[in-house]
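Spelled out from the first residue to the last, the chains are:
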Amino acid sequence: MIKKTIIEKKKERTSFIILFLISIIFSNIGIPGIENSTLMPNYFIALIIACILNKNSFFNIYKLVIIGLLVDLFAGQLLGQYGLIFICIYLLYSIIQRLLVIKTTLQLFSLGLFLTLCSFLILWATSMSHDLFISFTSLFIELIFTFIAYLIFNIFIKKFTAN
Amino acid sequence: MARNLSSNSLKLFNQDSFPVASFIALFLLCLIMMGTDYRYKILKEIKARFSIVNGPITFLINLPVTIFIDSKDVFITKTLLKERIKNLQQSNYILSIAVQENKLLTAENNILRDTLKIKKDFNLLSINAEIVLPRVRNGYSIITINKGLNHKIKTGSAVINNAGLVGQIINTSKSHSEIMPITSENYAVPAIMDNSKENVILYGNGNGGLEIPLFPSSSSILINDTFVTSGVGGLYPKGINIGKVVEIKKTTSPKFNSIVITPFSQPVTFTQISVLDIKE
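Order-wise, the sequence lines are chains A and B.
Plus 195 on top of the position in the first sequence (first one is 1) and you've got my numbering.
Plus 62 on top of the position in the second sequence (first one is 1) and you've got my numbering.
There may be inaccurate statements among the hints.
If we take Cβ atoms under 7 Å as the criterion, some of the chain A residues that face chain B in the derived model are [claimed, not checked]: (1) I220; (2) N223; (3) I256; (4) G278; (5) L279; (6) S289; (7) T300.
What the simulated footprint calls covered on chain B by chain A, stretch by stretch (three residues with Cβ under 8 Å from a Cβ of chain A suffice, anywhere in the stretch; the number is not a length) [said to hold, decoys possible]: (8) 120 to 131; (9) 151 to 163.
Just so you know, these hints were derived from the structure itself, not from any lab.
What you are looking at is a predicted structure, and each value in this text was computed from that prediction instead of being measured.
No residue lacks a Cβ here, since even glycine has one placed at the ideal position from N, Cα and C.
Kindly produce the complete structure, drawing on both the sequences and the hints.
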């Protein structure tokens with residue numbers, strides 16, 4: 196087990212806070228040139244997945260719920276919805292990590308995509324606006340956008356926390 | 063590649079064992095919070111109280127985009143302004159004729175109503191407001207206006223402008239209110255076609271339009287047919303313009319078509335709107 200130094204932990208915490216603030220900003224503005232407001236990534240899900248997959252020591256299950264409540268306050272529909280999503284991602288990751296050896300970058304990205312898909316399923320199932328006539332095309336585009344956001348966050352975290 | 067399972071409990075980040083009991087407790091807590099919030103709208107209350115902090119933050123976040131939109135208006139040329147004035151004068155002339163026609167129709171209508179002894183009052187009570195933040199929030203369209211509880215705006219009120227129905231008030235704070243546009247995914251409005259008696263419910267598709275997912279294929283409908291509010295339910299007065307048919311799609315069932323409607327009113331700029339008063 197590799198223990199992280201205090202400086203590394205501080206860097207991880209700082210990178211998370213910066214990215215969280217960026218997520219709040221971007222979730223309040225649409226993508227320029229795209230009129231459809233639903234076609235934007237879910238930055239918060241992308242951020243949490245990026246942090247969990249980078250083994251950010253800042254997180255524990257309680258902090259995830261608190262972060263989820265903050266997200267609900269800024270951009271949520273229901274109180275507790277994002278907390279539920281985040282702890283489910285946490286659980287899924289812990290199970291997968293236990294069962295499978297995830298080492299290569301491709302494996303990590305595949306796991307990221309899988310976790311994003313699961314998050315979207317939970318988000319849709321717990322959403323107040325879910326209905327039978329869901330547009331799977333827009334959901335798919337949103338999923339792809341979120342995955343791209345995850346990749347960008349991933350690069351930022353890796354650069355920021357690198358020694 | 064599967065790893066051999068040991069008797070140890072689940073581990074996360076190779077540090078501690080997975081807190082199963084905490085997970086179950088927090089999972090249940092989240093579900094309880096969601097259920098309670100869905101029933102008692104706690105988050106709306108918190109957001110309304112939090113708007114003193116949240117409002118300026120949202121305003122600051124959107125400030126660069128707002129400045130960009132404003133600056134586009136500042137830098138338009140003199141020729142464009144002259145052309146715009148000319149167009150406005152023309153539309154003013156057309157509107158003044160329409161006003162005269164309306165006066166004539168109102169007078170004629172009053173005479174007919176007196177003759178038929180119709181007592182129903184069609185006057186709409188409304189509060190005028192201005193759109194200050196036509197933006198999105200985490201993928202959901204939200205329009206923010208500059209009037210709130212202090213101006214007697216109520217949650218649930220219908221919002222219209224000169225083109226037609228805009229949406230419905232979903233959140234109110236002291237000085238601001240938020241509107242869910244008619245094109246939002248969880249929006250529904252009872253409507254009627256202006257040239258028939260077909261009562262339908264229009265749903266926002268979250269994609270800049272409205273939809274009737276299952277419209278009987280036996281009923282007559284054409285491209286450019288218009289829909290107005292039917293007045294069913296009492297929230298929206300009858301006869302407000304909603305939109306026109308732009309696409310008639312076939313569904314898996316031959317008995318039904320799917321109808322796509324483009325709304326007449328899609329306010330994305332800083333324009334005036336009217337919030338209709340809910341009749342108690």
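TODO: Could you check the structure against the hints above and give me the numbers of any it violates, in ascending order?
DONE: The structure breaks hints 7, 9; every other hint is satisfied.
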